Amino acid sequence: MSRPVLPDPRSDVTRPVPRPAAERLADHLTRADRTRLLSEAARGLFGSLHVERTVFRLLALAVPGLADWAQVVVRRGRSLECTAASVDGIALDAVTRAPTAPASGLARVLRTGRTQLVHVADAADNESAATLAAFVPDPTLRAGVAALRPADLLALPLTGRSTTFGALVLARQAGRGFDQDDITLCEELARLGAGAIDSARLYAERTHVADVLSRSLRPPELPERPRTRVAARLRTALDHIDVGGDFYDVHGPDGDWTFVVGDVCGKGVEAAVLTGKARQAVRTAALVDRSPDRVLALTDAALSAEVECSDEDRFITMLVGRVRPDGESLRVDIATAGHPQPYIVRSDGGVEAVPVEGIVAGLGEDTGRPTAHVTLEPLDTLFCYTDGMTEARGSDGFFGVDRLTRLLPLYGGAPPEALVEAVDHAVAQHRDGRPHDDIALFAVHRERG
Amino acid sequence: MRVTSTGQFLDALATADPAAALAVAENALSDAGGPEAPDAVVDVLVHVVCAAQHEVGTRWLAGRWSVAREHAATAVSERVVAALGDRLPPGDRGHVVVACADREWHALPARVVDVALRAGGWHTTYLGASLPPVQLAQYLHDTGPDALALSCSLAGSLLGARRTIEASREAGVPVLLGGSALDREGLRAARLGAHGYAPDARSAADVVATLPRTASPAAPLTHPGADEAAEIGVRRAILAAAVRDRVDLAIGPGAVGEEWLEALDGLVPLVVDAVAAALLVTDPTVLDEARDWAGMVLLHRGAGGEELATVGRSLADELRELPGAAALLRHHWSA
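Protein chains in written order, with the working numbering: chain A, 30 to 478; chain B, 1462 to 1796.
Treat the hints as calculated values from the structure; they're not laboratory data.
Take these hints with a grain of salt, some might be off.
[Stated by the list, open to error] Residues of chain A clear of chain B, computed beta-carbon distances all greater than 12 Å: (1) E299; (2) E446; (3) Q458.
[Unchecked claim] Partial list, computed: chain A residues near chain B (C-beta under 8 Å): (4) A71; (5) G73; (6) L78; (7) E81; (8) Y440.
[Unchecked claim] Here are a few chain A residues that face chain B, going by a calculated C-beta distance under 8 Å: (9) F85; (10) H269; (11) S424.
None of the values given here were measured: they were computed from a predicted structure.
Every residue, glycine too, gets a C-beta built ideally from N, C-alpha and C.
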């Protein structure tokens, strides 16, 4: 769709552009060239969801194919973010204040959403300086286009969601000005670019919201503690979502701290929200009394109320441990709410299951959960997991406890990262790309003195 | 000095002692100019950590160290690299995401590159090994970095690397490739559609500076080898199992030791991958390298050239319907 470019009496300079036919860049563009350029643009612009990346892409499509110099301006609040490209292929970023005078230049394009074509004279006079400044507010970027004078500037609106949020400014050295066909082509490119940049802006806004909301649902940073090393890994069932129904957490002072490994039935965002509540409940309960059975009883009571309110029957399995250094070793008290038993991998490769049992949490049926007391000597590791690991399906069935207990002895005395990595790797090889449920692996290791 | 440090570091790896390893690295660092000198950090990584780690790989290859022992040593090295990297100030040259290709479990080289880039003034995010490709692509869209540095150690990772390069270019992010699965001239990297290739960690920071500011979608790979590589990729596990059966049958029960049968389990899928990778990048030397490596592994576990030839023949039999793969094996394995 073409639009007449009318001289605007209020603009600084608008004047018909001389068009010596033989020298116009656009004359070399056949119909096939134009079609190819637009299809390349469509192909190149639809893939990116990041604003800056999309802006770079648009600039690369414009220069040198359509113009000798180009600038993309995107409004953000009261600022304009300006990025420019010349034939050298270098893009520069600059942030500048949005112009206040709406009558001319960029401000006019942003206000009216209409294309504007202007000629900038060769002379370094005040008039052409003012014209340039109205379209290229950043002085550094302006230097790049000033070198092209005399030049023709074509300013195209970037419009999306019924708002002109930016502009694409193209410059050609005079003598290679923009004729009506060129303007039509450039407007089409600007429309494609606007669609892509606006989608990226929308995506960025939504991503930011999701990111802030889900921050507390992601696995925590593992604290460094004296001579105690914790390693963990979380693999979510849904590859594109980094939160899920499995969780782990670590909190408390070095001398007496608490860990929890748990599994909310279900996966994805809904399950993750419940893991957030479970983690918070455990943190609060541990402040009252770190005994694992007490932590589980309190957490269970708190979560039962939550679970009743939810649409589905949701229950939670959890393993809670209380860890206290005792000379060379670590004393660990463990209680479980229906969670798979953990293993101790001794430094010599001996493997012991920790015999703890207890009913799942979330049902409000606390029948008491006995505590197991174990000791980790130097180079011993306590290994906890969720059933997504043992139930990972391969060509010959579940990964299973047997494969796990054959692997664990090989890592006696090894750093816990190596153990966790080995299990993760073995499960991935077993699955060979098949889908899996959420998987959490968690190991506590006493280092040598 | 360095030789001594490397030896001491290796001793710490042998006992999987992180504290001892870190102490050796820190001593070497203060000898090399201290933590304030970014070059010194890279020096220690290359000449102490990587040099010792190379010896760890040799010991595994020679059958002297178990896989678990190699893993334990590598975990210690990774921790030391991370600790040294943490001491570098954040860079301001631009944002580079460092990751491993899909199916690439060797995280240490990527970690070293991450620190080397930071030492070179880049702001980096290390995403680690075996990140699902979807999550990596998502991350690129979310953060829009200036470049992706992708590490490929095993030939099989080249297949995943190609898909990640496609995703990265789709997102407008230029890609730098590096790692032992690539050739020194960077031909494989170029054929995969990467914008740059770094022959080693030290040069990575400079190569990133030469990458374009933006990337356009990668042109599809249309050569016949790409189709065959995809075919092999899809049937990877089935092929590996079938090849394994053929080898067992050819050799007969009890003819060889348990040790090399076990090695074969790990090796056959990698060799299948290498055939696919060689076809994908149109470079038969990928297969030469895999054959030489497989030969070394088997040799140290009591097998000889005859058994290696059997592996090649079994593979050729399974892949006889793919003309490119069959020809490749005929010329680069059976001979």
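Evaluation of the provided hints:
1. E299: Holds: least Cβ distance 20 Å, greater than 12 Å.
2. E446: violated (4 Å)
3. Q458: Not fine: 8 Å to the nearest Cβ puts Q458 of chain A too close to chain B.
4. A71: With a minimum Cβ separation of about 11 Å from chain B (threshold 8 Å), the hint on A71 of chain A is violated.
5. G73: holds (5 Å)
6. L78: holds (4 Å)
7. E81: Holds - the Cβ of E81 of chain A comes within 8 Å of chain B, reaching about 5 Å at its closest.
8. Y440: With Cβ-Cβ at 5 Å, under 8 Å, it holds.
9. F85: Since the shortest Cβ distance to chain B is 4 Å, the answer is holds.
10. H269: holds (5 Å)
11. S424: Nearest chain B Cβ about 7 Å off; hint holds.
Of the numbered hints listed earlier, those contradicted by the structure are 2, 3 and 4.
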